[in-house]
Amino acid sequence: MIEPALIEKINTVLAEEFEVNPEIIKPDAILMDTLDLDSLDLVDMVVLIEHNFGFTVKAKDFVEIKTFGDFYQFINSRMDGAK
Amino acid sequence: MEDFIHRDMKRVVITGMGIYSCIGQDLDTVRDSLMSGRSGIIADSAREKMGFRSLLTGMLPEPNLNPLLDRRKRVCMSQEAGYAYLATAWALEQAKIDNDYLARNEVGILYGNDSSALAVIEGVDLLREKKNTTLIGSGSVFQSMNSSVSMNLSVIFKLKGINLTIAGACASGSHAIGMGFMMIQSGLQECIICGGAQEVNPYAVGSFDGLSAFSQRNDAPTEASRPFDAGRDGLVPSGGAATLILESYESAVRRGATILAEVKSYGFSSNGDHISVPNVDGPKRSILMAINNSDVTIDQIKYINAHATSTPVGDFNEAMAISEVFGNHRPYVGSTKSMTGHEMWMAGASEVVYSIIMMQNSFIAPTINFNKPDEASARLNISNRCERVSFDTCLSNSFGFGGTNSTLIIKKI
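Here the protein sequences come in this chain order: G and Z. Taking this note's numbering, the leading residue of the first sequence gets 14, the next gets one more, and so forth. Taking this note's numbering, the leading residue of the second sequence gets 59, the next gets one more, and so forth.
Be aware that a few hints might be false.
Stated by the list, open to error - Which stretches of chain G does chain Z cover? Using the computed rule of at least three CB atoms under 8 Å from a CB of chain Z, they are:
1. 45-55
2. 59-65
3. 69-82
To be verified - Below, a list of computed lysine-lysine pairs in the DSS-like style, where the Cα atoms sit at most 27 Å apart:
4. G:Lys73 - Z:Lys131
5. Z:Lys131 - Z:Lys188
6. Z:Lys68 - Z:Lys360
7. G:Lys22 - G:Lys73
8. Z:Lys131 - G:Lys22
9. Z:Lys131 - Z:Lys218
10. Z:Lys470 - Z:Lys154
11. G:Lys71 - Z:Lys189
12. G:Lys71 - Z:Lys131
13. Z:Lys216 - Z:Lys154
14. Z:Lys216 - Z:Lys131
15. Z:Lys189 - G:Lys73
16. G:Lys22 - G:Lys39
17. Z:Lys188 - G:Lys73
18. G:Lys22 - Z:Lys188
19. G:Lys79 - G:Lys39
20. Z:Lys218 - Z:Lys154
21. Z:Lys131 - Z:Lys154
22. G:Lys71 - Z:Lys188
23. Z:Lys216 - Z:Lys68
24. G:Lys73 - G:Lys39
25. G:Lys79 - Z:Lys131
26. G:Lys71 - G:Lys39
27. G:Lys79 - G:Lys22
28. Z:Lys131 - G:Lys39
29. Z:Lys430 - Z:Lys360
No wet-lab data here; the hints were simulated from the structure. Predicted, not measured: the structure shown is a model, and the values here were computed from it. Cβ atoms here follow ideal geometry from the backbone N, Cα and C, with glycine treated the same way.
Start from the sequences and build out the full structure, keeping to the hints where you can.
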């Protein structure tokens, strides 16, 4: 179970960083397409996660992430792992 | 020398100008500042705690690029690239060159820039703090390279021609115009965006301050930059960006563009001497090369926009070089750096913009704070007042560390 507050925080920071309307962020939407990300943006995704969620990942960790739902799970599992 | 002025060489004209400077961020404001002798210099008190001897700097607002460029483009841009983007967008607009034209034609960029210190230091600070290179972020490398301006603008404007940064210290902007002139003159390119950019932040000039190169008149910022004046005590760092659209005369006529001026000649030289102390011979050879390679005679040059940065030795030696070349002709000589401070990598380009504005509006800007000449500047015709003079040909000098010299002759059409 992912806390709604965490999902809201993720949506907010993604929308602010990548300058999209938060309303287009849906759990089943494709993350790369919706945020219009390229390979350079994944570097900034690493920075965003470290800055907002306090842990460091590698860009290759995003390979399995397709949807925002996958991304929520990824962040949640890493945060759980850190506890 | 006649052989050098090849019959087949193309005439090179200027069809657009844009500037982002401490005396204005549009051409009309810059014109008014030049006419009224308004200084763009302030004392930045924050520099005192950083260990600066001089608190003086040109002051200009940070542009808000958010409504103009998407995030990916902005993330890759250094401070000076932001200034240069605006100056270039305005210059292209004046030249009536739109995205469609850029997509269909081989337009190039040659831009003067010789540092990106703020981006380098911010990147290194992050690396030291985070100990993880990825956490520096995606934009740092594109902001940090000297070619930050040309690489970003070539992507933003989708340019397809020559794509290069000219790093020639404080003559960078002038050499960029000179190189563009030669490429168009020879027929290699038809249209090139030329200019110079200079970041404005303490990191860009800290070591420079340490060389005692800057004025110490912290309590009188607008009086600190005083080129050719006997009481000068050093330069005042400044910056921004200036862009000029150079193209062949045929291209300008074919497009129906308004021709603002013609680049008549480019002279250059190297002192082959000290790394920071200028001499007389190098600048003199640069001036003579520009004159000798053109069809302009010495008596046709009515105004010299001097490099004169307000340093004791530099101004003295430039005055001697000008005096030795021009003898009794005594054209007006001025230094717009008295108002702008030293715009460094940008200066060679901005001072061509200032000179064209003067030719368009029939005046010669005052060299403010020039109250008492020294032995060398007494030989020149320098005015500390705005002179209402109609003229159509000027010469612009730019010199830099390492003894690099550049001279351009510009004629209003």
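Hints and how they fare:
no.	hint	in the structure
1	45-55	holds (count 3)
2	59-65	holds (count 3)
3	69-82	holds (count 3)
4	G:Lys73 - Z:Lys131	23 Å, holds
5	Z:Lys131 - Z:Lys188	25 Å, holds
6	Z:Lys68 - Z:Lys360	25 Å, holds
7	G:Lys22 - G:Lys73	23 Å, holds
8	Z:Lys131 - G:Lys22	26 Å, holds
9	Z:Lys131 - Z:Lys218	18 Å, holds
10	Z:Lys470 - Z:Lys154	19 Å, holds
11	G:Lys71 - Z:Lys189	14 Å, holds
12	G:Lys71 - Z:Lys131	23 Å, holds
13	Z:Lys216 - Z:Lys154	16 Å, holds
14	Z:Lys216 - Z:Lys131	12 Å, holds
15	Z:Lys189 - G:Lys73	19 Å, holds
16	G:Lys22 - G:Lys39	13 Å, holds
17	Z:Lys188 - G:Lys73	19 Å, holds
18	G:Lys22 - Z:Lys188	23 Å, holds
19	G:Lys79 - G:Lys39	12 Å, holds
20	Z:Lys218 - Z:Lys154	18 Å, holds
21	Z:Lys131 - Z:Lys154	23 Å, holds
22	G:Lys71 - Z:Lys188	14 Å, holds
23	Z:Lys216 - Z:Lys68	25 Å, holds
24	G:Lys73 - G:Lys39	23 Å, holds
25	G:Lys79 - Z:Lys131	25 Å, holds
26	G:Lys71 - G:Lys39	24 Å, holds
27	G:Lys79 - G:Lys22	19 Å, holds
28	Z:Lys131 - G:Lys39	26 Å, holds
29	Z:Lys430 - Z:Lys360	22 Å, holds
This entry satisfies every hint, going by the numbered hints stated previously.
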